[in-house]
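Colleague: If you read the protein sequences in the order shown, they are chains Z, B, W and A. The numbering used here puts the first residue of the first sequence at 1, with every later residue one more than the last. The numbering used here puts the first residue of the second sequence at 1, with every later residue one more than the last. The numbering used here puts the first residue of the third sequence at 1, with every later residue one more than the last. The numbering used here puts the first residue of the fourth sequence at 1, with every later residue one more than the last.
A portion of the hints provided could be inaccurate.
Note that the list lumps identical chains together, so a pair holds whenever it fits in one copy or between two copies.
No farther apart than 27 angstroms at their CA atoms in a straight line, the calculated lysine-lysine pairs in the DSS-like style are these [claimed, not checked]:
1. K81 - K175
2. K17 - K3
3. K145 - K70
4. K3 - K145
5. K145 - K17
6. K3 - K175
7. K37 - K81
8. K37 - K179
9. K175 - K17
10. K81 - K145
11. K17 - K81
12. K37 - K17
13. K175 - K145
14. K179 - K70
15. K179 - K81
16. K70 - K17
17. K3 - K37
18. K70 - K37
Just so you know, the hints here were simulated from the structure itself, not pulled from any lab data. All of these numbers come straight from a predicted model, not from anything done at the bench.
4 protein chains.
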Amino acid sequence: MGKVLVLYYSEDGHTEKMARLVTQGAGQVTQTEVRCKSIADASRDDIFWCDGLALGSPTQLGTVAAAMKKFWEELLPDWQKLDGRIGCAFSSQGGWGGGAELTCQALLTILMNFGFLVFGVTDYVGDQFTAHYGATQAGEPREAKEKEACQRLGRRLAEWIAVYADGRRELHPLKGLYKRNPWD
Amino acid sequence: MGKVLVLYYSEDGHTEKMARLVTQGAGQVTQTEVRCKSIADASRDDIFWCDGLALGSPTQLGTVAAAMKKFWEELLPDWQKLDGRIGCAFSSQGGWGGGAELTCQALLTILMNFGFLVFGVTDYVGDQFTAHYGATQAGEPREAKEKEACQRLGRRLAEWIAVYADGRRELHPLKGLYKRNPWD
Amino acid sequence: MGKVLVLYYSEDGHTEKMARLVTQGAGQVTQTEVRCKSIADASRDDIFWCDGLALGSPTQLGTVAAAMKKFWEELLPDWQKLDGRIGCAFSSQGGWGGGAELTCQALLTILMNFGFLVFGVTDYVGDQFTAHYGATQAGEPREAKEKEACQRLGRRLAEWIAVYADGRRELHPLKGLYKRNPWD
Amino acid sequence: MGKVLVLYYSEDGHTEKMARLVTQGAGQVTQTEVRCKSIADASRDDIFWCDGLALGSPTQLGTVAAAMKKFWEELLPDWQKLDGRIGCAFSSQGGWGGGAELTCQALLTILMNFGFLVFGVTDYVGDQFTAHYGATQAGEPREAKEKEACQRLGRRLAEWIAVYADGRRELHPLKGLYKRNPWD
Chain Z
1 MGKVLVLYYS EDGHTEKMAR LVTQGAGQVT QTEVRCKSIA DASRDDIFWC
51 DGLALGSPTQ LGTVAAAMKK FWEELLPDWQ KLDGRIGCAF SSQGGWGGGA
101 ELTCQALLTI LMNFGFLVFG VTDYVGDQFT AHYGATQAGE PREAKEKEAC
151 QRLGRRLAEW IAVYADGRRE LHPLKGLYKR NPWD
Chain B
1 MGKVLVLYYS EDGHTEKMAR LVTQGAGQVT QTEVRCKSIA DASRDDIFWC
51 DGLALGSPTQ LGTVAAAMKK FWEELLPDWQ KLDGRIGCAF SSQGGWGGGA
101 ELTCQALLTI LMNFGFLVFG VTDYVGDQFT AHYGATQAGE PREAKEKEAC
151 QRLGRRLAEW IAVYADGRRE LHPLKGLYKR NPWD
Chain W
1 MGKVLVLYYS EDGHTEKMAR LVTQGAGQVT QTEVRCKSIA DASRDDIFWC
51 DGLALGSPTQ LGTVAAAMKK FWEELLPDWQ KLDGRIGCAF SSQGGWGGGA
101 ELTCQALLTI LMNFGFLVFG VTDYVGDQFT AHYGATQAGE PREAKEKEAC
151 QRLGRRLAEW IAVYADGRRE LHPLKGLYKR NPWD
Chain A
1 MGKVLVLYYS EDGHTEKMAR LVTQGAGQVT QTEVRCKSIA DASRDDIFWC
51 DGLALGSPTQ LGTVAAAMKK FWEELLPDWQ KLDGRIGCAF SSQGGWGGGA
101 ELTCQALLTI LMNFGFLVFG VTDYVGDQFT AHYGATQAGE PREAKEKEAC
151 QRLGRRLAEW IAVYADGRRE LHPLKGLYKR NPWD
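Bound-form chain Z, shown alone (with noise of 0.2 angstroms):
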């Protein structure tokens, strides 16, 4: 079974909301097993359990909110010690071009510095969006494709999980088993 965390720090839960979706999106791999959880709720445990982390917070003032970078610091005496999971990065800010691309760079990069593979999408999951860097939002996701780009980023996390950690390689995105974009 391949183990996924969707890890997150929400305030005014948009970003708790786009966890949910990303849940979702793990969970369309069969033999996945997915946890959801705020920080408040998550453990270190949680974290050695899982093989990949999808990592949520809001765009505050164009990065990290202290809360979530705060996790982080505490898990410190753990560091080197987590190397090699896959994780990947998600964000609501307050408008489009208020940081959240920026906001899951430097979750990515707290990811990197405790040996984490990061990823983003490639994927159009509609019109004129992406995930490229991580799931981005203004807000909460309300539209289709905003919704399906954080379904996209959880599925993406748990396919890869599925082809790297346990050997499934008939899953690898490349394989054509469904439309990765509108024009496909």
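Add chains B, W and A to chain Z, keeping to what the hints say.
Modeller: Quick look at chains B, W and A alone, frame taken from chain Z:
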């Protein structure tokens, strides 16, 4: 007279349309001279001429187009001769979440390398739309708020030049001369 | 009088030592008042008081310390009231290649979110040593060039404030008042 | 056999020297085939051939050289056909604080855009020296720890390929097969 250069590279015309809007916005500030040039038409004289510069590139692979990067590499003989100018960035990406914020950040990095002081726009120009780290767009600007983001960026550039290069303190954005957010 | 705030967070004293050096450098510019404060001692009044700010944080997991981030989140009620100040960054990391540049970039992102104009230092302060995107250090500054990088950053901040906030054009770094590189 | 491509662009030979060391490091992992090529000699076949790639560019103006960027833009017809490879970065800058971390981040962004899973090295390879977000250097590697940073990056790439692409779990860096830090 404040001197503004809007310098862009465009392949499909989207970033060029943004450049035209940035130019319009800069022109909203009195006693401002504005040049709008593609890198094919701009020379080092334009760079030396200006007090400040709005730099635009399409997002390609999450960062600056090679052609735009090359333009600045060819200016290396003039490095350390341009310090103190003011700069900002804009970029058109294929889809939201496609890297335009990262591209703006790379454009600002190039300008910082040349000694520019760089900025973003704190204002919201419409519902859930801003240009905190430069104006970003998926494709070309169509909605009013998308156009306004480009215009506001150009206007803010002309304002900082007026305030800092020309000492016209009465034009400082904090003076409340105009509505900076939909909710004001 | 130009007003410079050097604002830092430090755990092991390394970033604090950098802050002291940045403060010294700012003091090299006449008619400049400099305050050096840790975030534990600084208030919003200090932020409003200054014309410009050098912001320092240890590099922790490749980005800003949670404590420093929290300081700025608590300033959110003053967002859009601070636009136009000038900012720069410095950071001490555990080792070279450890993320101090990324941390400086995150600090600058926070300042840009508040409407600051941010900059780096084009000068080389010694053999193979610069502060292009802020002053970076592994541990504490020990060699002359490492100390000089911090001092030059503070000096440059005070210079931009003199030139732009106080109209003292004769202090512009391009005026050739001092040697900016070892090879000059 | 794990297949590693070390792909670089170099003008003054510094990044090329790093590439040779990265290549040596990858060769430390048994059953690994390594190709080391400059972008002038590499083709799309090399990219498709490899399981993972270490990408190196000089830091120019704080980001990727235009020539390297152009190489990847020309690969755009193969976009969405390369997903799932593993990638990392290295860069030589003019001086410490000169942008090599930012360049590595830009290189990783390009690889992420093509669907790569990217990583850094948590290990310290000597006193105050690491490659957390890629191997960085001022000029060419001379000291033992500087050379080791490049080698460790290549070795780690070959290890992740062994573990994830070839299922050789016994080579996982957490297995304690070798000393990962000076203090171990």
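Colleague: Taking the hints in turn, state whether each one holds.
Modeller: Results for each hint:
{"no.": "1", "hint": "K81 - K175", "in the structure": "between (33 angstroms within a copy, 10 angstroms between copies)"}
{"no.": "2", "hint": "K17 - K3", "in the structure": "within (21 angstroms within a copy, 40 angstroms between copies)"}
{"no.": "3", "hint": "K145 - K70", "in the structure": "neither (32 angstroms within a copy, 31 angstroms between copies)"}
{"no.": "4", "hint": "K3 - K145", "in the structure": "within (26 angstroms within a copy, 37 angstroms between copies)"}
{"no.": "5", "hint": "K145 - K17", "in the structure": "both (14 angstroms within a copy, 26 angstroms between copies)"}
{"no.": "6", "hint": "K3 - K175", "in the structure": "both (22 angstroms within a copy, 20 angstroms between copies)"}
{"no.": "7", "hint": "K37 - K81", "in the structure": "within (21 angstroms within a copy, 33 angstroms between copies)"}
{"no.": "8", "hint": "K37 - K179", "in the structure": "neither (29 angstroms within a copy, 35 angstroms between copies)"}
{"no.": "9", "hint": "K175 - K17", "in the structure": "neither (30 angstroms within a copy, 38 angstroms between copies)"}
{"no.": "10", "hint": "K81 - K145", "in the structure": "between (37 angstroms within a copy, 22 angstroms between copies)"}
{"no.": "11", "hint": "K17 - K81", "in the structure": "neither (30 angstroms within a copy, 31 angstroms between copies)"}
{"no.": "12", "hint": "K37 - K17", "in the structure": "within (12 angstroms within a copy, 39 angstroms between copies)"}
{"no.": "13", "hint": "K175 - K145", "in the structure": "within (23 angstroms within a copy, 40 angstroms between copies)"}
{"no.": "14", "hint": "K179 - K70", "in the structure": "neither (39 angstroms within a copy, 29 angstroms between copies)"}
{"no.": "15", "hint": "K179 - K81", "in the structure": "between (37 angstroms within a copy, 14 angstroms between copies)"}
{"no.": "16", "hint": "K70 - K17", "in the structure": "both (22 angstroms within a copy, 24 angstroms between copies)"}
{"no.": "17", "hint": "K3 - K37", "in the structure": "within (13 angstroms within a copy, 37 angstroms between copies)"}
{"no.": "18", "hint": "K70 - K37", "in the structure": "both (16 angstroms within a copy, 22 angstroms between copies)"}
Going through the hint list in order, the structure does not satisfy hints 3, 8, 9, 11, 14.
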